[in-house]
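Asks: The primary structure of each chain is shown beneath.
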Amino acid sequence: MIKIEKLHKSYPIGKDSLHVLKGIDLHIKEGEFVSIMGSSGSGKSTLLNIVGLLDIHDEGDYYLNDQLIKDMNEKKSAILRNKFLGFVFQSFNLISYKTALENVALPLYYKGMSRKERLKVALEYLDKVGLKDWANHLPNELSGGQKQRVAIARALVTKPKVVLADEPTGALDSTTTDSVMDLLKDINDEGMTVFVITHEEEVAEQTKRIVRLKDGVIISDELTKASKAV
Amino acid sequence: MKFLFDSDTWQEIYGSIRKNKVRTVITIIGVLWGIFLLVVLLGAARGMENGFNKLFGNFATNSVFVWTQRTDTPFKGFQEGRRFRLTMNDIEVLKSEYSNEIKLLAPRNQTNNLLVHNFKSGDFRVSGDYPVLDQIQKKQLLYGRFLNDNDILSTAKVTVISEDMYIQLFDKGVNPIGEYLKINSINYKVIGVYKPSNTIDFDGDTAYIPFTTYRKVYNTANRVDWMMITANEGTNIEQMEKDILLTLKGLHKVHPEDKRAFGSVNLGKEIGKVTGFIIGMQFLTWFVGIATLIAGVFAIGNILLITVKERTKEIGIRRALGATPKSIRQQIILESVFLTTVAGMLGIIFGSLVLFLIDAAVSNNDDIPLINPTVNIPIIFIAFATLIVLGTMIGLIPAHMATIVKPIEALREE
Ligand SMILES: Nc1ncnc2c1ncn2[C@@H]1O[C@H](COP(=O)(O)OP(=O)(O)OP(=O)(O)O)[C@@H](O)[C@H]1O
Ligand SMILES: [Mg+2]
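These protein sequences, in sequence, are chains V and F. Reminder that position 106 of the first sequence reads as 106 in full-length UniProt numbering, one-by-one numbering, no gaps. Reminder that position 390 of the second sequence reads as 390 in full-length UniProt numbering, one-by-one numbering, no gaps.
Since the hints were made in silico from the structure, they are not lab data. These numbers come from a predicted model, not from an experiment. For every residue, glycine included, the Cβ atom is placed at its ideal position computed from N, Cα and C. Among these hints, one or two may not hold up.
Which bits of chain F does chain V cover? Going by a derived footprint, with three or more residues having C-beta under 8 Å, they are [as the list claims (entries may be wrong)]:
#1 15-27
#2 407-413
Here are the computed lysine-lysine pairs in the PhoX-like style, where the Cα-Cα straight-line distance is at most 25 Å [to be verified]:
#3 F:Lys95 x F:Lys313
#4 F:Lys326 x V:Lys159
#5 F:Lys313 x V:Lys76
Taking CB as the label site, the calculated pair distances span [to be verified]:
#6 F:Lys309 x V:Gly191: 34 to 44 Å
#7 V:Lys159 x F:Ala291: 52 to 62 Å
#8 V:Gly31 x F:Thr392: 42 to 52 Å
#9 F:Glu409 x V:Asp221: 21 to 31 Å
#10 F:Phe381 x V:Lys120: 38 to 48 Å
#11 F:Ile379 x V:Lys159: 49 to 59 Å
#12 F:Ile379 x V:Ser17: 51 to 61 Å
#13 F:Gln11 x V:Lys159: 44 to 54 Å
#14 V:Lys120 x F:Lys309: 49 to 59 Å
#15 V:Ser17 x F:Val342: 43 to 53 Å
#16 V:Lys159 x F:Ile397: 48 to 58 Å
#17 V:Ser17 x F:Val389: 19 to 29 Å
#18 V:Lys159 x F:Thr341: 50 to 60 Å
Based on the provided sequences and hints, a complete structural model is requested.
Replies: Below, the structure is given as structure tokens:
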């Protein structure tokens, strides 16, 4: 699903450049549940953003669904994002003036689905994350955990192949963290590839594979007990 | 173009417009004010034009008036400051010498007298005139007729009075025609009542009597107070005015360079001045209106740019969810066009309303030369189209800004 080879990424800072990813090799097959761990500044978000086509890498090869990502124009990557990828952000990133339901339905709008149909589908997904009754509430009327579940519903609504989550539980307490992780596990059980960044060992333990990053290189990549338990 | 008819597009625009209320209101006010000013100013200019046109309406605009004053240069043994009078001889000379140029010539003598009818009386102007006056300044008759050649030949004691004089001197409901009234103690038969025009009028409420009768009654002999001349089509009136004055100076032994001896007014020239003023005003109107419009559109662009910056994060989110740059651009441009259109329409509506109110307020007031203040539909259309084109172009800038950054940079924005 995701194949990364000798990936490099630097950020220009003034005249210098900051070398953030220094040759990453990573293979994620369809249906995997992978977490990335590492200290702050180790390049986790950078990697995820490149995988999510929100940013561009400098060197190396990146294949998404066997398609080489190279010289993508914004239109193509927008379509790929819409088709293959779902995002869950630490800060939820819901659109404040849209209701939960409208937020969830938005990716379907860019897919070109009719309003009636997409509201129907969006409601199904809200139901799935247990927020059917909150469909017509604005984000600021929801708790952090609820917002994140809305964001997850929004990430799932297009039935993406890969869900990318950058610290999805970073802003949540332990109970809501568990409910969000349960959701991600369910998604994974349904066959979706899930790729999470986290700082929390307990969260990482619940995924099936942990990739550890340090100073822009992978220092370990191992399966968890959870994967062996299956 | 399909997206234009997509209810979702409008749903999105509605959402963002409602979200950014301040932006929306400021934008709308900016453009609204611009087009409002344009409509009102153009309408007012048009109204004034109509007003002045009507003012000069039933007056032959190719008229020249001539009268005598005092000389300002000694000439041929005469001292300066000499007074002299126009004569019937002058009239005959001018008529024959300028037969090609002069269309109508009306010599006039005027005075003020007490008019008495039964027990009512009033002080009014009395004017000795030829029937030709009616051709130079059309008289709107309410009853009877104006003076005719017969009256002149027979030095008839007849008079044509104004509506106000009729009201002042006669009892209500009395038919004035055939009634007699005393002017300077002499009986005249009323043969007509006219309504003074509310346009330019040099006479006001005047009792017209035949020129010949005036001459006899007031013993004016050969004298003429002043004259009205209208020119034939195609005549250079200014030249004619100069030539006539020169001829008259010759007849009265006045120095050719004398500036004061003769007074004259060239109505065409005066109208030209007013027309020039109106044209100037229209030009100013366009200038002001267009400048305001452009300023309004720039305000929209500026505000859109600011809000695009404010909305960078939202745009980043949308792009992460699969919005193509095109769809982002479309939305922003459409927002801009939609706002300008709505504001423009409101401006036209309010502008028309104000014009309507102005019209209602002044239409019964003859003192204000403002008639039917309207704006050409095509002009409004063009202004409107320009507005939309400008709105689109100005919307392009923020739209472009919103799509050149990488989605991640937009998302990182707080
Ligand atoms: N747009 C940018 N411009 C310049 N430097 C950047 C940019 N984004 C990230 N960096 C730098 O790149 C390095 C890696 O950043 P990244 O966000 O990938 O770290 P991270 O592993 O996600 O850290 P955290 O756990 O704090 O989120 C950091 O040193 C950061 O300062
Ligand atoms: Mg990070």
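Asks: For every hint, state whether the structure bears it out.
Replies: Going through the hints against the structure:
1. By the rule of at least three residues with a Cβ nearer than 8 Å to a Cβ of chain V, the coverage given for the region 15-27 of chain F holds, with 4 such residues.
2. Counting residues of the region 407-413 of chain F whose beta carbon lies closer than 8 Å to any beta carbon of chain V gives 3, which reaches the threshold of three, so the coverage claim holds.
3. Of the supplied pair hints, the one linking Lys95 of chain F and Lys313 of chain F is violated, its CA atoms being roughly 88 Å apart against a limit of 25 Å.
4. A threshold of 25 Å between alpha carbons decides the hint, and for Lys326 of chain F with Lys159 of chain V the separation of about 23 Å falls inside it, so the pair holds.
5. Using a Cα cut-off of 25 Å, the hinted pair Lys313 of chain F and Lys76 of chain V holds, with the two alpha carbons roughly 21 Å apart.
6. Between Lys309 of chain F and Gly191 of chain V the beta carbon distance is about 41 Å. The supplied range of 34 to 44 Å therefore holds.
7. Here the CB-CB span from Lys159 of chain V to Ala291 of chain F is close to 54 Å, well matched to the stated 52 to 62 Å.
8. Between Gly31 of chain V and Thr392 of chain F the Cβ separation comes to about 48 Å, which falls inside the hinted range of 42 to 52 Å.
9. Restraint check, Glu409 of chain F to Asp221 of chain V: a C-beta distance of roughly 30 Å satisfies the suggested window 21 to 31 Å.
10. Distance hint for Phe381 of chain F and Lys120 of chain V: a CB-CB separation of about 43 Å, consistent with the stated range 38 to 48 Å.
11. Range check, Ile379 of chain F to Lys159 of chain V: about 55 Å between beta-carbon atoms, so the 49 to 59 Å window is met.
12. Remark: the range hint 51 to 61 Å for Ile379 of chain F to Ser17 of chain V is upheld by a beta-carbon distance near 58 Å.
13. Between Gln11 of chain F and Lys159 of chain V the beta carbons are some 23 Å apart, a value that contradicts the proposed interval 44 to 54 Å.
14. Between Lys120 of chain V and Lys309 of chain F, the C-beta spacing of about 35 Å breaks the proposed range 49 to 59 Å.
15. About 48 Å separates the C-beta atoms of Ser17 of chain V and Val342 of chain F, a value consistent with the hinted range of 43 to 53 Å.
16. Range check, Lys159 of chain V to Ile397 of chain F: about 37 Å between beta-carbon atoms, so the 48 to 58 Å window is missed.
17. Range check, Ser17 of chain V to Val389 of chain F: Cβ separation about 44 Å, and the 19 to 29 Å hint is violated.
18. Lys159 of chain V and Thr341 of chain F have their C-beta atoms about 38 Å apart, which leaves the hinted 50 to 60 Å range violated.
Of the numbered hints given earlier, the model fails hints 3, 13, 14, 16, 17 and 18; all others are met.
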